[in-house]
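Participant: Spelled out from the first residue to the last, the chains are:
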Amino acid sequence: MIRNYFLRHAQVFFYTLGQLARAPVATFLTVAVIGITLALPAGLYIAIENVQRLARGWEDNGQISLFLKRDLSDPAIEKLSEKIRKLPAVSWVDYVSREAALAEFKKLSGFGEALGALDRNPLPPVLVVHPAATHSHPDALQSLLKDLRRYNEVELAQLDLEWVRRLYAMLDLARQGVLILAAGLAVAVLLIIGNTIRLAVLNRRDEIEIIKLIGGTNAFIRRPFLYAGMLQGLLGGILAWLLVGLGLLLLSSPVHRLASLYGSLFVVENMGFMATLTLIGTGGLLGWLGSRLAVGRHLRAIEPR
Amino acid sequence: MIEFAHVFKRYPGGFDALRDINLRIEAGEMAFITGHSGAGKSTLLRLITAIERPTRGEAAVNGKNLTRLPRRRIPYFRREIGVVFQDHKLLFDRTVYDNVALPLIVTGTDQYEIPRRVRAALEMVGLLDKERMLPVTLSGGEQQRVGIARAVVNKPPLLLADEPTGNLDSKLSDEILDLFLDFHHHGVTVLIATHDLHLIDRGRRRVIELNHGELARDTGARP
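So the sequences go chain by chain: A and B.
If you use full-length UniProt numbering, the first sequence corresponds to residues 1 to 305, in order.
If you use full-length UniProt numbering, the second sequence corresponds to residues 1 to 223, in order.
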C-alpha cells in the first residue's frame with residue numbers, strides 16, 4: 001500500500017518532468033524569471049557577507065590605547081601589562097615607553113625641533129592592547145574598554161572603533177533591506193508560478209473535467225500541478241545559485257587586484273552549503289506554494305458540464 | 001439502485017428541467033430513458049452522477065442520498081458509476097490504453113493489476129489490437145467503444161450512457177447496444193438516455209419517457 005503510494009508519486013513526478021521537457025521554451029522562461037528574481041537578494045546577501053568578513057579583518061586592528069599616569073615606574077608598568085595580558089579578551093599587549101613615544105612623535109610629526117625646546121618629555125607611557133579575535137565585536141570591545149578604565153594606573157583609555165560600529169550599523173541596515181527585498185521578491189515568485197500554473201490548469205480543463213467525472217479527488221488532480229510548480233521553483237533556485245556564482249567569478253579578479261593594492265589577501269567567498277541549500281529549497285517551496293494557491297482557486301471553478 | 005421521490009430540478013432563471021419525478025430502478029435492471037430534446041434526460045443523468053443536486057425531493061443512488069452527499073465524498077461516489085458520453089470525452093494526447101487505464105490510476109489500483117484489467121476491458125469491446133493508438137486515428141464507433149471500455153474497467157455496478165449512439169450509423173449502434181446488453185447479462189445496472197427509437201425497439205427493455213420535465217410513461221421492468 002505504501003509502496004504503491006510512493007510509486008504513484010514517482011510516476012506523477014516523472015510524468016510532470018516529461019511535460020515540462022516537452023515545452024522547453026515556456027519552462028525555460030518561467031525558470032529564468034524565477035532564477036533572476038531569486039538571484040537578486042541572494043547576490044546582495046553574499047555581498048554583505050563578504051563585506052562583513054572584510055570588516056572582521058579590520059577589527060583585528062581595533063586596538064585600545066591606554067595612556068598611563070606619567071609618574072609610573074617601569075616595574076609597575078611591567079606588572080600592569082602582565083595583568084592585562086592575562087585577561088581572556090586580550091590577545092597581546094605592546095608597551096610604548098615615554099622615550100619611544102617621543103622619538104616616534106618627533107619622527108612622524110615634523111615638530112622635532114620644537115619638541116627639543118621642551119625641558120621635559122610631555123608624553124605619557126602607553127600600553128597598546130590588542131583584543132583577542134573572539135572578542136572583536138564592538139560590544140565586547142566596549143566592555144573590555146570599561147574594564148581597562150577601572151585600573152588606577154590608567155589615565156585615559158581610548159578605543160577608536162566608531163567607524164567599525166558605523167559599518168556594522170550600515171551592514172545591519174543593508175541586511176534588513178535585503179530581507180525586505182527578499183520578501184517582496186518571494187511574493188513576485190509566488191505570482192509568477194501562480195500565473196504559470198493557472199494557464200496550465202486552464203489548458204487542461206477538459207482533462208480535469210473528465211478526471212472529476214470518473215471519480216478523481218481534488219488531491220489527485222492537484223498533484224501534477226504541485227510537482228510542476230515545485231520543479232520549476234527548484235530549477236529557478238538552481239539557476240539563481242549559478243547566476244550568483246557567475247557574478248562572483250566575474251568580480252573575483254578585480255576584487256583580488258584591489259585587495260592586493262591594499263596588501264590584503266582578501267578573496268571573495270561563494271555561498272556556503274547551508275545558504276545554497278536554503279536558496280534552492282526556498283525556490284522549491286515558493287513554487288509549491290504558488291501552484292497550491294493557484295490550483296486551489298481554479299479547480300473549484302472547473303466542474304463537469 | 002436508483003430511487004427518486006418527488007424530485008424537482010429548477011435552474012436559475014426559473015426553468016423547470018424536472019418536475020415531480022418518482023422513479024425506482026432496481027439493481028441489475030436495464031432501462032432506456034427517452035423523450036424529446038430538452039425533456040430532461042440529460043438533467044436526470046446529471047443528478048444521478050451528482051454533477052447537480054435536486055432542488056426539491058429525495059434522490060438516492062447506490063445507497064447514497066444525493067441531497068446530503070458531502071462534496072468531498074462525490075469522487076468516491078462517482079467511482080461506483082461508469083459513464084459513457086455522446087462525445088466520448090477521451091483524452092486525445094494519450095493512447096487508447098492510457099485512456100482506459102485512467103479510472104484505475106485515479107482510484108489507485110495496484111500497478112500489476114492495471115494492464116490485466118485494461119486489456120480485459122479492451123477485449124470486451126474488441127479493441128485489444130488498438131491499445132497503442134491515439135484516439136484521433138480511430139473511427140467514431142471505435143472511439144465510442146474506447147469510452148465504454150473506460151466506463152466499465154472499474155467494474156462499476158451502475159453504467160450510464162448519454163446518447164451513446166448519437167453519432168453512429170445503425171450497424172455500429174447495434175454493436176454498441178449488444179455491448180450494453182452483455183453488461184446487463186453480467187448483472188450491471190444499465191441506464192441509457194436516447195431518442196433512438198430503433199435502439200429502444202431492439203433493446204426490448206424498460207422504457208422511461210420524459211415530457212417537458214415530467215414522467216410521461218414508464219413501462220416498468222421487462223424480463
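Take these hints with a grain of salt, some might be off.
Unchecked claim - In silico SDA-like pairs for lysine to any residue, Cα to Cα no more than 20 Å straight-line: (1) Lys89(B) x Leu213(A); (2) Lys89(B) x Glu207(A); (3) Lys89(B) x Leu299(A); (4) Lys155(B) x Gly215(A); (5) Lys89(B) x Arg150(A); (6) Lys89(B) x Arg205(A); (7) Lys89(B) x Lys86(A); (8) Lys69(A) x Asn152(A); (9) Lys155(B) x Ser65(A); (10) Lys89(B) x Ala132(A); (11) Lys64(B) x Thr217(A); (12) Lys89(B) x Ile302(A); (13) Lys89(B) x Pro304(A); (14) Lys64(B) x Ser253(A); (15) Lys155(B) x Phe77(B); (16) Lys155(B) x His185(B); (17) Lys64(B) x Leu213(A); (18) Lys155(B) x Leu213(A); (19) Lys89(B) x Val154(A); (20) Lys89(B) x Asp206(A); (21) Lys86(A) x Ala132(A); (22) Lys86(A) x Val154(A); (23) Lys89(B) x Asn203(A); (24) Lys89(B) x Ser65(A); (25) Lys146(A) x Ser65(A); (26) Lys171(B) x Leu138(B).
To be verified - Covered stretches of chain B (in silico footprint by chain A; criterion: 3 or more residues with CB under 8 Å from a CB of chain A, positions within the stretch not fixed): (27) 104-113; (28) 117-124.
No lab work stands behind these hints, which were simulated from the structure alone.
Where a beta carbon is used, it is the ideal one built from N, C-alpha and C, also for glycine.
Participant: Decide, hint by hint, whether the structure agrees.
Facilitator: Results for each hint:
no., hint, in the structure
1, Lys89(B) x Leu213(A), "holds, 10 Å"
2, Lys89(B) x Glu207(A), "holds, 9 Å"
3, Lys89(B) x Leu299(A), "holds, 19 Å"
4, Lys155(B) x Gly215(A), "holds, 13 Å"
5, Lys89(B) x Arg150(A), "violated, 89 Å"
6, Lys89(B) x Arg205(A), "holds, 12 Å"
7, Lys89(B) x Lys86(A), "violated, 86 Å"
8, Lys69(A) x Asn152(A), "holds, 9 Å"
9, Lys155(B) x Ser65(A), "violated, 91 Å"
10, Lys89(B) x Ala132(A), "violated, 77 Å"
11, Lys64(B) x Thr217(A), "holds, 18 Å"
12, Lys89(B) x Ile302(A), "holds, 15 Å"
13, Lys89(B) x Pro304(A), "holds, 11 Å"
14, Lys64(B) x Ser253(A), "violated, 74 Å"
15, Lys155(B) x Phe77(B), "holds, 14 Å"
16, Lys155(B) x His185(B), "holds, 14 Å"
17, Lys64(B) x Leu213(A), "holds, 17 Å"
18, Lys155(B) x Leu213(A), "holds, 16 Å"
19, Lys89(B) x Val154(A), "violated, 93 Å"
20, Lys89(B) x Asp206(A), "holds, 8 Å"
21, Lys86(A) x Ala132(A), "holds, 11 Å"
22, Lys86(A) x Val154(A), "holds, 17 Å"
23, Lys89(B) x Asn203(A), "holds, 16 Å"
24, Lys89(B) x Ser65(A), "violated, 86 Å"
25, Lys146(A) x Ser65(A), "holds, 13 Å"
26, Lys171(B) x Leu138(B), "holds, 17 Å"
27, 104-113, "holds (count 6)"
28, 117-124, "violated (count 0)"
In summary, the numbered hints that this structure violates are 5, 7, 9, 10, 14, 19, 24 and 28.
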